[in-house]
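Please build the complete structure, drawing on both the sequences and the hints.
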Amino acid sequence: MGGKTKKLLRVAVVLAAWGLAPHAALAADGPGVVELGSLSNLFEPVTFNHTMHTDVAKSCAECHHHTLGDAPIDKTCARCHRANQPADSVACRECHPANRFAADYLAKLEANPQLYHTGKPGLKGVYHRKCLGCHRTMDGPTGCEDCHKMTEKGEAFYRTGKFAPPPAKHEAGEE
Amino acid sequence: MKKIDRRNFLKGGLAGGAALAATGKATKAEASGSFGGYPNSMGVLVDFTKCVGCRTCEAACNKEQGLPAPDKPFTDKSVFDEIHHGKRHRRTTEKAFTVVNRYDIPGRAEGPIYRKFQCNHCQEPACLTSCFVNAYTKTPEGAVIYNSKVCVGCRTCMIACPFYVPAYAYSSATNPIVRKCIMCYDTRLKFGRPPACVEACPQEVMVFGRRKDLIKMGHERIKEHPDKYVDHIYGENEVGGTSWLYLSDVPFDQVGFDTHLGNEPIISYVKDFLAMVPIVLTVWPALFTGFHLLATRKEEANTKENESKGRGV
Numbered sequence: 001m002g003g004k005t006k007k008l009l010r011v012a013v014v015l016a017a018w019g020l021a022p023h024a025a026l027a028a029d030g031p032g033v034v035e036l037g038s039l040s041n042l043f044e045p046v047t048f049n050h051t052m053h054t055d056v057a058k059s060c061a062e063c064h065h066h067t068l069g070d071a072p073i074d075k076t077c078a079r080c081h082r083a084n085q086p087a088d089s090v091a092c093r094e095c096h097p098a099n100r101f102a103a104d105y106l107a108k109l110e111a112n113p114q115l116y117h118t119g120k121p122g123l124k125g126v127y128h129r130k131c132l133g134c135h136r137t138m139d140g141p142t143g144c145e146d147c148h149k150m151t152e153k154g155e156a157f158y159r160t161g162k163f164a165p166p167p168a169k170h171e172a173g174e175e
Numbered sequence: 001m002k003k004i005d006r007r008n009f010l011k012g013g014l015a016g017g018a019a020l021a022a023t024g025k026a027t028k029a030e031a032s033g034s035f036g037g038y039p040n041s042m043g044v045l046v047d048f049t050k051c052v053g054c055r056t057c058e059a060a061c062n063k064e065q066g067l068p069a070p071d072k073p074f075t076d077k078s079v080f081d082e083i084h085h086g087k088r089h090r091r092t093t094e095k096a097f098t099v100v101n102r103y104d105i106p107g108r109a110e111g112p113i114y115r116k117f118q119c120n121h122c123q124e125p126a127c128l129t130s131c132f133v134n135a136y137t138k139t140p141e142g143a144v145i146y147n148s149k150v151c152v153g154c155r156t157c158m159i160a161c162p163f164y165v166p167a168y169a170y171s172s173a174t175n176p177i178v179r180k181c182i183m184c185y186d187t188r189l190k191f192g193r194p195p196a197c198v199e200a201c202p203q204e205v206m207v208f209g210r211r212k213d214l215i216k217m218g219h220e221r222i223k224e225h226p227d228k229y230v231d232h233i234y235g236e237n238e239v240g241g242t243s244w245l246y247l248s249d250v251p252f253d254q255v256g257f258d259t260h261l262g263n264e265p266i267i268s269y270v271k272d273f274l275a276m277v278p279i280v281l282t283v284w285p286a287l288f289t290g291f292h293l294l295a296t297r298k299e300e301a302n303t304k305e306n307e308s309k310g311r312g313v
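These protein sequence lines are chains H and Y, in that order.
According to the working numbering, the first sequence is numbered sequentially starting from 1.
According to the working numbering, the second sequence is numbered sequentially starting from 1.
Check each hint, because a few of them may be wrong.
A few chain Y residues that don't get close to chain H, going by computed Cβ distances all over 12 Å [stated by the list, open to error]: (1) K87; (2) V150; (3) F191; (4) Q203; (5) H225; (6) H232.
Simulated pairs of lysine-lysine, BS3-like, Cα-Cα distance not exceeding 25 Å [stated by the list, open to error]: (7) K120/H with K216/Y; (8) K212/Y with K149/H; (9) K108/H with K212/Y; (10) K63/Y with K75/H; (11) K77/Y with K95/Y; (12) K223/Y with K75/H; (13) K63/Y with K50/Y; (14) K212/Y with K95/Y; (15) K190/Y with K228/Y; (16) K149/H with K223/Y; (17) K149/H with K50/Y; (18) K72/Y with K120/H; (19) K108/H with K228/Y; (20) K63/Y with K153/H; (21) K75/H with K50/Y; (22) K77/Y with K63/Y; (23) K228/Y with K120/H; (24) K108/H with K149/Y; (25) K77/Y with K130/H; (26) K212/Y with K223/Y; (27) K212/Y with K50/Y; (28) K77/Y with K153/H; (29) K190/Y with K149/Y; (30) K228/Y with K130/H; (31) K149/Y with K149/H; (32) K58/H with K149/Y; (33) K77/Y with K75/H; (34) K50/Y with K130/H; (35) K162/H with K95/Y; (36) K72/Y with K130/H; (37) K120/H with K212/Y; (38) K228/Y with K212/Y; (39) K149/Y with K63/Y; (40) K228/Y with K58/H.
It should be emphasised that the hints constitute simulated quantities derived from the structure, not laboratory data.
Heads up, the beta-carbon is just placed ideally off N, CA and C, and yes, glycines get one too.
Structure (structure tokens):
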């Protein structure tokens with residue numbers, strides 16, 4: 001990560017564009033609108049408005065833990081991460097494995113008894129826990145298709161859309 | 001009239017015969033201490049506080065196990081309100097090895113709680129011990145699997161199971177065979193991969209790992225959030241322990257768990273039972289072999305057309 005210089009550069013750009021509003025300066029930290037699509041399979045990628053979310057959230061740590069140098073929100077984390085030491089990686093996908101229960105990942109955890117946080121959830125899990133979790137309390141979108149449209153593969157998987165069971169059978173199961 | 005539940009029925013049979021078996025050696029303590037599960041077996045820790053009731057696990061199970069099309073799409077939430085046999089909560093069937101149910105808990109801030117249900121893969125499975133044709137196996141990986149070619153459809157396992165899991169497929173009228181969750185043994189677990197439902201879950205409600213590690217993890221979660229969780233891992237000790245373990249923020253009896261099963265494996269009762277009635281061992285196998293031969297012969301005639309259905313282990 002480019003660190004401070006990159007941050008300053010972004011701030012400068014934003015200041016030039018929008019003036020001196022503190023919110024704009026804050027929004028400069030991190031990407032604007034990003035597509036989260038590394039897992040896309042049953043659903044299409046998610047268009048994530050990072051700028052809007054940094055406005056909504058009280059602190060970057062609401063999503064990024066202490067990795068950006070902010071105090072942890074979660075009290076259980078603060079116990080050990082009070083120093084707010086910035087981390088080398090900031091993007092969720094760099095720490096949270098896409099394939100949490102793959103045999104080789106599990107073997108890696110087991111091979112090194114020194115490893116900490118071996119229960120760290122996978123990427124799909126943290127996106128939903130974090131994103132959906134906040135949306136449920138702050139009136140963000142919570143429906144499965146509010147964040148990502150289902151792909152055709154998804155419709156076949158969930159037996160919905162054009163793969164839905166025939167209506168006659170549907171009714172029979174109704175009573 | 002009080003309904004006789006299946007387990008009491010088993011127990012009752014034993015108590016009645018206890019006098020007869022006064023000299024029997026297989027005491028409950030001995031039986032339960034004899035096995036206790038494979039030390040390195042895998043398991044799944046299910047955390048109901050994280051479930052949002054999306055039914056993705058049900059869809060994943062259906063696909064992985066090649067089960068018949070459901071009556072409604074897996075995106076349809078109306079199944080949570082269906083009434084079956086006078087009860088609102090669905091049970092596992094021969095067409096659905098796992099189901100999610102909704103429990104409305106008055107006063108729970110997060111709203112209703114959802115519970116995923118499937119075979120618990122007991123450490124000392126009652127289905128296995130009760131099976132007279134040895135159709136069941138507890139694998140070192142932790143799964144309780146069955147050989148449908150051996151199953152004679154006697155339904156003893158249905159009666160023995162403390163969780164009412166095994167179901168019967170009647171698709172072939174001549175030879176109903178047991179159907180239940182096998183923890184995706186033949187397609188995944190055997191190769192070190194998690195069951196399909198675990199991997200599919202968007203919320204990572206379930207953690208797949210060594211059972212003994214999961215128990216530690218469960219207790220850690222409780223310790224980190226004592227105000228959130230009920231201080232109990234269901235399945236750690238119930239009926240001698242199960243491979244599937246559960247955490248909840250509502251008392252387990254409010255999410256459909258039987259909290260009166262005790263920690264004694266059902267196997268103990270059955271073992272006593274078998275010790276007491278040796279005739280069962282000598283006569284029943286012969287009887288069932290007879291049934292089975294009959295059934296398989298009929299089955300063979302149907303095999304060609306039914307080949308695709310016979311997805312046993």
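What are the numbers of the hints that this structure violates, sorted from low to high? 3, 4, 5, 8, 10, 14, 15, 16, 18, 19, 24, 31, 32, 33, 36
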